[in-house]
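So the protein sequences, as listed, match chains E and P. Here this note's numbering is used: the first residue of the first sequence is 1, the next is one more, and so on. Here this note's numbering is used: the first residue of the second sequence is 400, the next is one more, and so on.
Keep in mind the hints are simulated off the structure, nothing from the lab. Careful: at least some of the hints might be erroneous.
[Claimed, not checked] When the alpha-carbon atoms are kept at most 27 Å apart in a straight line, the in silico DSSO-like pairs for lysine-lysine are as follows: (1) P/Lys577 / E/Lys328; (2) P/Lys487 / E/Lys328; (3) P/Lys473 / P/Lys458; (4) E/Lys265 / P/Lys487.
[To be verified] Have a look at the derived ranges for each label pair, beta carbon to beta carbon: (5) P/Lys457 / E/Ile39: 48 to 56 Å; (6) P/Val471 / E/Tyr98: 46 to 54 Å; (7) P/Asp560 / E/Gly232: 53 to 61 Å.
[Stated by the list, open to error] These stretches of chain P come out as covered by chain E in the derived footprint (C-beta under 8 Å, 3 or more residues): (8) 408-415; (9) 485-496; (10) 509-520; (11) 544-553.
Ideal Cβ positions, reconstructed from N, Cα and C, are used throughout, including at glycine.
Listed here are the chains, written in short residue letters.
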Amino acid sequence: MIQPITETIEIGGSEQPLYGPRSYQVLSGNDLGSQLLEISMGPHHPSTHGVFRMDVVLDGEEVVKLKPVFGYLHRNHEKIAENASYLASMPYTDRLDYFCSMTNNWAYAHAVEKLAGIKVPERAEYMRVILAELTRLVNHTALVGFLVNDLGALGTPLIYAFRERENILDVFEALSGARMMCNYMRFGGVRVDFTPDILKRITHIVDRYPSFLAEFEKLLVGNDIIMSRCQGVGVLTKELAIASSVTGPMLRASGVDYDIRKVDKYGIYDRFDFRVPLGDHGDVYDRLMIRFLEMHESLKILRQALKQFPQGGEHINPEVKLRNFRPKAGEAYGRIESPKGELGFYLISTGGNLPYRYRVRPPSLINLTILEDMCLGEKVADVIIILGSVDIVLGEVDR
Amino acid sequence: MKLDLITQNFPTTKWDEATQSLIVPHTDLLNVVDFIKNNPGFEMDYVSNVSGVDWLPKKEKVKAADGTETEVDKPGFLEVVYHFYSMKNRTGPITLRCRTENRENPIVPSITPLYRGAEFQEREIYDLYGVRFSGHPDLRRILMWDEFQDFPMRKDYQEPDDYEWEPTPHDEVLEKAKHHYSSDAAKS
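Bound conformation, chain P alone (with noise of 0.2 Å):
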């Protein structure tokens, strides 16, 4: 498929090799999503499949070029892939993946308006990653109940502290049972 007709109209957006996808910042995506959807070249009426992704800060080794190794914080990230198809000329997948720029304040544009077929994929990832998506017209929580407060898919995420006394604790339990009575909220 014609992928760079878009990279050429899109010049923000990145070819990714080694996932086979195109790397499109927030601010284009739904430019982007509007040329694949409308361009006859590539008519992608049919998204397939819509995931979030979680990526932790990490530090990672820069060599300079004397040859000094330093390390450097690269700022963790949510991501949302797209997987768009055509069911009218068969072909695909288009694999696009939209990065947050923070994980504290996560914005995608909503892409439902566009796709009916997202409405429920985003709000799943809302729901479970946390990411908001701008423009979506009903963005509830989906599977989890509209009281909880975290997100369960994020990689940091912690078990809320559920400990319950038990006679002969060990393993898990065991280790929750410590847990819970070094924290603040036993003493309180």
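Next up, chain E with everything else stripped away, as it sits in the complex (with noise of 0.2 Å):
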């Protein structure tokens, strides 16, 4: 017969089993007579998507106190804008977010059509569309795939999610010449027109998206382990949400009803039946989840968009003098909903061949305004995916 064993052993001032469970008294960093320790998160980390430092002040393992530090990457592109002319600006916008450099082409070339009220053709305003929407697919299929990698899922999720990105960015590459820097949209319409086999192409692919995003939503969505690393961590609230700038698939997880492709309705979204996806509780797993159920909306807009596609029409709007193009004096503020947010372009014109003021509304560096508030009191490992969970672009936030 096995005898239990019963001898004690002395911990934190009470008797206690020396095998078997044992009660402890949790105690808190400050019982402990600890400091707090300060570190330097960045910014030479892979885990913070570019050089973006934070400051971070740690209570044990709690944050207490963090600022995000960054401008390692600025090169003052509004500056060299306002010392080049209106066109030469185009391709800059691309190193903006290089991510998204459709997007970016489309809201520099929507707030100088507005500056200088120039008519887009219709052919044009679809292939912008559908160009916006398959970069939404690739901006949010990357992210998911990062943030996941974040959680310490390394590599293999985001391959799949870069799988189906380089697809994308093929299309990319056979209309512009470049994967990333494409440099495609002019004022008044795009460069070059689709050609029929471009269009084949990308119906191609949204054909076979769905089974993508299938695979991948069952590999992650359900996850016990993403699921309790993510829920109820980084909790934005709605108030908080909107009086901190805060804008995009953030704003929308944060259960805020606004999206400019339904508020302003640029270009032609008022034709596509698409619904705005919302989150409840405005944490890391809302964030993650509106990504996945915005993918579904743009598949839908791009089905839409294909099938009304127009078969003739100019690609770009002929009267516009793209060189030595001086709009009239005045100023317009233009923006659309990048899948990062509000990309807005302000430009102010004295008469000239260029612009006195160009101003980036950058997305990714408003979203950071509120990062402190989001990670004050969570767990050090948690920041990370709280970052990965904003969606920063470094290009953009340094400019």
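Build the complex from these two chains, which are given one at a time in their own frames, with help from the hints.
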């Protein structure tokens, strides 16, 4: 017969069994006489998605203060654009958010068209919508991959995401000559027309994307580890989200129904039937799910756009003189719903061939305003996924 | 939108037809912003864009009554432009322009206590234009490094003399070299 072991050990002033369950008194950092620890996260760490640094003060593992530090990639894009002609800034907008060059191009073209009063032909509008929604697919797919990468699932889901992204980038390359630096939109239209082959390839991608999404969702959405790591972490309330000018999927994950495609109806977005998914809790899991739901809506728009795509027509307004482009004096603020949020361009013209003022309203930078509030009281490992769910690109933050 | 409601309540503001915006003196800015945030007709709960603009001093020709033209010096100023939208009512934008008195000591009240979203944008304008926002909780440089002295987005910004010797200088580098050797930096 085996005798039970009854030896005890004294821990923290109380007798506890040597083997078997013990009761511990949980001590907080201050009871142990510990000090706060200030650490610098980044800028040379892959989890910060570029050269981004966070000055974090920790009490044990809990964040008590966090200050984002950036500017390492600052090249004063606005000053360069103020010393270049209107058209010459178009390729530079690709370099802002290098994941979504098509939407960057569109936002800039949209602002200039507003400034100069340029009409866009219908065919070009359809091409822009198709490319913008493909860009949204690229961005959201890659973001989900990166976020899961931040959670510790190194590699595999990201490679799945990149495999699909590459198919879309192949179309962009066939169309514009570059995978990421597309430089494709022009004031009053786009640079080159779609060929039937391009349309066929896009249709092929749109047809097979749902099966990829189904596989990806099955892998990630109901996953226990992802749910326990993401749910209830980094909560952003509705009121704070509005007050801090957060836009894009992050705003909608907090439950605010504000999508510029619906509000402004720029381009031809009023012709499509799509819904705006909203989150309930505003945590990291909601932000992850919003991206999946938005991809489904993007596919819906793509199917309708491909169906309605006009047979003939101009791809660019022939009356626009792109060389020696001089809009009349005035100003315009044009904004579109880029995959990351509201991307706006504010232009002031004094009648010359250079913009007097060229300002980019970067969604990545402004969504970071609230990073500290989301991270306070969270564990240090969760800071990484909260940052990952914000979806930043440092080319746009630093400009 | 009932923009004349603002001009009625705040007679110091002026509607600018050319830019479709409201020019607000910096003494009244916070009152106007508070008004458009809370008045049920506006409810502008979302500040989308805050940008700085630099206007250099210029000479303007003014025609007198007898037909003679005289040149008048117009002082330069810095301008902060706000674009407000309402997420609740889905209206907007309302554009406000707040001008500083001069370019040497530009001060504008900060709207960050009312709108958190202006925090980084105001820091950026401070960093690149040198506008000081009174009442900003954390007014530091944001894109440039802390030791940087000048304000690079100003229209009269001079690049620092960072000339380095080259064996065959031409074009821009030659200009830089000429400037460098004629300046005091080279003599010392």
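Status of each hint after checking the structure:
no. : hint                            : in the structure
1   : P/Lys577 / E/Lys328             : violated (38 Å)
2   : P/Lys487 / E/Lys328             : violated (34 Å)
3   : P/Lys473 / P/Lys458             : holds (6 Å)
4   : E/Lys265 / P/Lys487             : holds (17 Å)
5   : P/Lys457 / E/Ile39: 48 to 56 Å  : holds (51 Å)
6   : P/Val471 / E/Tyr98: 46 to 54 Å  : holds (48 Å)
7   : P/Asp560 / E/Gly232: 53 to 61 Å : holds (55 Å)
8   : 408-415                         : violated (count 0)
9   : 485-496                         : holds (count 4)
10  : 509-520                         : holds (count 7)
11  : 544-553                         : holds (count 3)
Violated hints, in rising order: 1, 2, 8; the structure is consistent with all others.
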